[in-house]
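Be aware that the sequence shown starts at 1, since it is given in full-length UniProt numbering, and climbs by one per residue.
Each hint should be verified, as a subset may be incorrect.
Simulated DEER-style distance windows between Cβ atoms [as the list claims (entries may be wrong)]:
1) ARG271 to GLU234: 16 to 22 Å
2) LYS300 to ASN255: 28 to 34 Å
3) THR202 to THR346: 41 to 47 Å
4) THR202 to HIS235: 39 to 45 Å
5) LEU110 to GLN474: 30 to 36 Å
6) GLN474 to TYR246: 23 to 29 Å
7) PRO109 to THR202: 34 to 40 Å
8) ASP369 to ALA462: 38 to 44 Å
9) PRO109 to ARG458: 24 to 30 Å
10) ARG271 to GLN323: 38 to 44 Å
11) SER211 to LEU110: 45 to 51 Å
12) ALA343 to SER211: 54 to 60 Å
As a list, the in silico DSS-like pairs of lysine-lysine whose alpha-carbon atoms are at most 25 Å apart [unchecked claim]:
13) LYS300 to LYS260
14) LYS260 to LYS335
15) LYS260 to LYS284
16) LYS300 to LYS284
Rather than coming from a laboratory, the hints here were simulated on the basis of the structure. Ideal Cβ placement from N, Cα and C applies to all residues, glycine included.
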Amino acid sequence: MRRNDAVQGIIMQNGDRVWDLVEAHRPEFVALADRVFDTPEVAYDEYASAEAHLQALQAAGARITRDLAGIPTALMGEWGQGGPLIAILGEYDALPALGQEPGVAEPRPLGNAGHGCGHNLLGSAAMLAAVALRDWLAETGTPGRVRYYGCPAEEGGAAKTFMVRAGLFADVDAAISWHPADMTGVFEAVSLANTRIDFTFTGRAAHAASSPELGRSALDAVELMNVAVNYLREHMPDDARVHYAYLDAGGEAPNVVQAKATVRQLIRTRRLRDLRALEGRVRKIAEGAALMTETQVSAKVVSAVSDLLGNSVLDRVMEAEMQRLGAPDFDAADKPLADAIRATLTPEHIADTFRRAGRPVDPDLALCDFVVPLGSAPVAAQGSTDVGDVSWAVPTVQAWVATCAIGTPFHTWQLTAQGKSPAAHKGMVHAAKIMAATGRALFAAPEVLAAAKAEHARHLAAEPYICPMPDEVQPPIRPRRS
1 MRRNDAVQGI
11 IMQNGDRVWD
21 LVEAHRPEFV
31 ALADRVFDTP
41 EVAYDEYASA
51 EAHLQALQAA
61 GARITRDLAG
71 IPTALMGEWG
81 QGGPLIAILG
91 EYDALPALGQ
101 EPGVAEPRPL
111 GNAGHGCGHN
121 LLGSAAMLAA
131 VALRDWLAET
141 GTPGRVRYYG
151 CPAEEGGAAK
161 TFMVRAGLFA
171 DVDAAISWHP
181 ADMTGVFEAV
191 SLANTRIDFT
201 FTGRAAHAAS
211 SPELGRSALD
221 AVELMNVAVN
231 YLREHMPDDA
241 RVHYAYLDAG
251 GEAPNVVQAK
261 ATVRQLIRTR
271 RLRDLRALEG
281 RVRKIAEGAA
291 LMTETQVSAK
301 VVSAVSDLLG
311 NSVLDRVMEA
321 EMQRLGAPDF
331 DAADKPLADA
341 IRATLTPEHI
351 ADTFRRAGRP
361 VDPDLALCDF
371 VVPLGSAPVA
381 AQGSTDVGDV
391 SWAVPTVQAW
401 VATCAIGTPF
411 HTWQLTAQGK
421 SPAAHKGMVH
431 AAKIMAATGR
441 ALFAAPEVLA
451 AAKAEHARHL
461 AAEPYICPMP
471 DEVQPPIRPR
481 RS
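Generate the whole structure from the sequences, applying the supplied hints.
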């Protein structure tokens, strides 16, 4: 495995001090993760979670900026002076209807949102890493700034895309993040660019029995559009995706010709440059459906994100730190809940994790005790993320870190059930150590950071970034509920 000699020298010189600094702050950030878990809120509604992160930044003595890109739940805190600026990205939004009693290996829904992707852990670990780096900069007298970004609405809201569009990463030299997972390794830069578009058809109501010929059905238009998109799938690239959801089916009365109906189409492609072409074909289908039904159609872009742009220099830096640190140190007390969760999964769920790790299936291994070597496993797109737009703005690196039982799928009650477990806390703190150590290596080796920036500049010279979010689309701000 190739390692950068300068980075390895920095690692040996600095020892494990940054890990110690992470451990020193463990209690307050575990408490922060649990507080966010207990007040789950969906995209652009994360007022309580943002307030919790704001209070943590205030307690840590950060220079704070709020309302980033006009988003009330987006904030950042900064420490240090001079030198390069390293950003660490945190998230704290939850998912609808995934509220689940924690620590219980059976469905016990709470009827509210829930952290079915572990973002209560994600944001807390990111700030923990930033605070540890703050301490390391102060202890060593190293010039540099570390900045924590509290990012809302990753789950379909594309808040980071708005933040990039607003220039909020223009002065950043590199960005670091992570995501909770069922295994540990460098998050290789494979994701799907996407856009969400609401197509609203407007027709003419009529009595469906006595005078249906006078009606023009918006619901017929939506259904014809979906049929045509399904036929389009045969003619899309293999890694492209289109999904849909009915937002308004025209009402509940079948004896009325529906005059208005709305469908949301989620269009994904492997590369941002291919997104516009596929989006154009879907728009033509909508126009054709309107023509066939003599209705009118309007399209409204809701959100859009870019694919991830990788950086091999940063990947190798994080890989070196990750291999030295190893996997999270789970213990025997963590196994019963993990085993119970795995009993609710199919063998295919469990086998899929090992396939993605490039390892043979071990049916007895409940929690990941290995680090997946960089480049050793088959890489497939893992959905979409607005970190993609940050990666086009600045060199970016991410980690997967195990916080749950092997095979646990994202966006499920099984992941939410593990969100406050001791194993989740261990993985969260471990992720903070990886991120803090990666940032420390970059501060201590300016030539390595310069190489990462040069690689990023070469990518942009070959393919400039074009923000996928139209200028007229603004964040869908939700007023704070009393």
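Evaluation of the provided hints:
no.	hint	in the structure
1	ARG271 to GLU234: 16 to 22 Å	holds, 20 Å
2	LYS300 to ASN255: 28 to 34 Å	holds, 30 Å
3	THR202 to THR346: 41 to 47 Å	holds, 44 Å
4	THR202 to HIS235: 39 to 45 Å	violated, 29 Å
5	LEU110 to GLN474: 30 to 36 Å	holds, 32 Å
6	GLN474 to TYR246: 23 to 29 Å	holds, 25 Å
7	PRO109 to THR202: 34 to 40 Å	holds, 37 Å
8	ASP369 to ALA462: 38 to 44 Å	holds, 40 Å
9	PRO109 to ARG458: 24 to 30 Å	violated, 49 Å
10	ARG271 to GLN323: 38 to 44 Å	violated, 30 Å
11	SER211 to LEU110: 45 to 51 Å	holds, 48 Å
12	ALA343 to SER211: 54 to 60 Å	holds, 58 Å
13	LYS300 to LYS260	holds, 15 Å
14	LYS260 to LYS335	violated, 53 Å
15	LYS260 to LYS284	holds, 19 Å
16	LYS300 to LYS284	holds, 14 Å
In summary, the structure is inconsistent with hints 4, 9, 10 and 14 from the numbered list given earlier, while agreeing with the others.
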